[in-house]
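Novice: Chains as they are written, first to last, in this note's numbering: chain A, 194 to 352; chain B, 5 to 397.
In case anyone wonders, no lab produced these hints; they're calculated from the structure.
Watch out, some of these pointers could steer you wrong.
Unchecked claim - Examples of chain B residues lying across from chain A (beta carbon under 8 Å, computed):
no. : residue
1   : F25
2   : Q29
3   : G40
4   : V128
5   : G308
Unchecked claim - Computed spacing ranges between beta-carbons, pair by pair:
no. : chain 1 : residue 1 : chain 2 : residue 2 : range
6   : A       : S289      : B       : E311      : 48 to 54 Å
7   : B       : E374      : A       : E195      : 35 to 41 Å
8   : B       : H49       : A       : S289      : 24 to 30 Å
We treat Cβ as the ideally placed atom computed from N, Cα and C, and that holds for glycine.
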Amino acid sequence: MEALIDLLQKNALTPREDIARMLDLTTEQVEEEISRLEREGVILGYQTIINREKWDTDIVTAVIEVKITPERDGGFDRIASRIARFEEVQTCYLMSGGYDLLIIVEAESLRGVAAFVAEKLSTIGAVQSTSTHFRLKTYKENGAFHHFEQTPERLSVSP
Amino acid sequence: MSIQIADRVRDIPRSGIRDFFEIVQSMNDVISLGIGEPDFATPWHIREAAIYSLEQGRTGYTSNLGLPRLRRAIAKYVAEHFGVHYEPLGEVLVSVGVSEAIDVALRAVLNPGDEVLYHEPCYVSYSPSVVLAGGVPRAIPTRGVDHFVLRAQALERAITPRSKVVMLNFPTNPTGATMPADELERIAAICVKHDLIALSDEIYSELTYDSVSHPSLAALPGMKERTILLHGVSKAYAMTGWRIGFACAPQAVIEAMMKIHQYSILCAPIMGQEAAIEALERGEQSMLNMRREYELRRNYIVRGLNELGLECFKPRGAFYVFPKISSTGLTSREFSLQLLREKKVAVVPGSAFGPSGEGHVRCSYATALEQIKIAIERIGEFCSELNARRAAA
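One chain only, chain B, in its complex shape:
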């Protein structure tokens, strides 16, 4: 007997990243700029706090919503960093990373056929998560000339009577884009005008550079009541493997999300929750140290790529640059595959983040500077060999 997979699942394409990962896995000595997580291990004081909690025997389930102490720490942190106040015991849900929170939030608010608008290029899970939740994904392309900012005008044009949710992710994976405060205000006004729910994935919010601070969508007028704010400790505190994210939203939404979460996940793992308390309450300095390191690497990689003729704006957030590679005459997938085969450098094709990512590749600078340096050298060799071949042809 062959097991029939559900149509809904069968029709979802595999992640372009997963595809690429398997090729990279089969090779040795690859320098990877393809990694979407910090290269730092979790700061020691956070790991130590988790060890202590294990020593104390804190190994059981927690409340479905998460440890009350953690939710209080989250509410305090969000109030201080985002300027929005949430009731810790009713308006906060601790999830297994932001990924789970996205899924649960979408399932909590979407009816079949409801449209979800989101800017693209975007994180790989957005469109499939919407489909799995019964919604209809509607991508709004953003452009390199705009530094991949979502223009309010473009959003407004995309709205239809079925539009229910707008998903935002600033700073953005894969482009590093950040929203100027005035454009974000226009976006907020549109959400209010058209009565849209905003799902704001602000996982990279601490990682902004050039002394730019992160404006939170939930803090804007009329937004708190319609925003599901998603954040977590993975990126800022180098805690990807702990799997701790959280959602802050009006109580009725948290209540609905909790129903799904309790039946599918029960609760986020307690070790991660204990570690997250330490990160949020005492991790600021460790985070600032890592951020300073990222900023230096960003400067390095942006200048390096531009010197090679790969046009690359200087993004102000996350830890990705998104250089344009169309001048090489290759598609982003061809570029990435050939670069990998010929020079053993892994970057992620922009097309993995949606069709509007075509013509670009994503390079992560969450990698030691020595590695970035070698990678830039090899990309340089690759480009000049390409040019020579094109000239000969």
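Bound-form chain A, shown alone:
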């Protein structure tokens, strides 16, 4: 059902009957398949991509590289899930390379991010160091462009 997942990833709001036509299935089959994917936890949720330039809030986004000391039992998993549970943390990846975790944090203000790093993140025993970068502008997010929308001009009828 790779094609179904592709379609939902592109636009989760695509009407189910349209998906059915595209995949040559019945609407019922599509609905069944989607609920199966949801039930089995393949689909975790559906979200909206917001253009922050147009919907101006004070929310600050930061990317933080975190070096941690892995634990004897469980390696990075327990400490990563401990960090991921903070509500400021939107995304948390284990990375190869110069640091261990890459986390994306959202807060109401710069001060909020600073407080999160100083009071919550850095105080965790296994965290060796952090390096915080603030987002200035978004050009592309989850495959959607924020600025240069493309509307190629085509002839209206051509051979």
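Starting from the known structure of chain A, arrange chain B on it as the hints suggest.
Specialist: Only chain B this time, still in chain A's reference frame:
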């Protein structure tokens, strides 16, 4: 003084598409299923490669035959995708789209009065190109019940002592038809038996669906030596505006084509050639992504049209469907014009692709799904209003 236009040119009718295009141009908010090109812009990595070549100052003429690097890329690509091996420096010519290659190929092989057989409905340029090259066009009608496949029998029946060339275009614009391998083998055998030259326009070869792969005419026994294989990057790589096509054929034919090409065109534009190298060498994934998108839209539009009672087989190639509209009681031109005026949806009358296209219209699904969806709704309204009017009359 009024300038007298040459008889040969005056007698060629304008393309039915051109006609229709002018009407559509004069209207606003038309949803067009009349477009014969991908709705995708050229994949970014290909555009980026062209920008890089401009930055490097590669802006001059190239060899008449095309950049050697591109011809090598073409030979490799054709070997991998079509299973036919050509000598890159002697058997490949880079042209300005397949359209130019058709013209040059016909002029290279036809003597006055030689007949060219081709299946119809077909691309709008076939018959006029033959006439302009001094040949005699002989259309072989194909039928909806056959899914517009060219039957070997029909081809054989059409052959006369003056027949010299068979032109094939599978997958077909405007029908989306593809050739089953066994029928194509029979066609090849006929070409060999009657010593015909095959001009095979395989521009849509990458765009086949239902996991069907494209059989190339040139790959069949006895065919390479008599086939002029035409292909290009326009459709598969969404590069129509770059104008890059190519011909692969025996060296003597390429040499003859090159003579005409060098005096009329000199060479294909270098920017397009540079971009084509990137497309052929590294474009596979971008092409597959677009093809997957086309396949979904094809499924959508075929089911939508059939649900409206417009009988439409599910074509396995190109990006066109060719539904039958004769049940509405209108000619394809009337249908298209009324649909355009009343519902602002543009489709192309089947008759633009030859008399055997009558009773059908061509709908392109190289258009965003949202547009296709609205178009189907409007075609549905149009058909039920037609029915109501007919019932009242």
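Novice: Confirm or reject each hint.
Specialist: Hints, one by one, checked against the model:
no.	hint	in the structure
1	F25	holds, 4 Å
2	Q29	holds, 6 Å
3	G40	holds, 5 Å
4	V128	holds, 5 Å
5	G308	holds, 7 Å
6	A:S289 <-> B:E311: 48 to 54 Å	holds, 51 Å
7	B:E374 <-> A:E195: 35 to 41 Å	violated, 23 Å
8	B:H49 <-> A:S289: 24 to 30 Å	holds, 25 Å
Consistency with the previously given hints fails for number 7 only.
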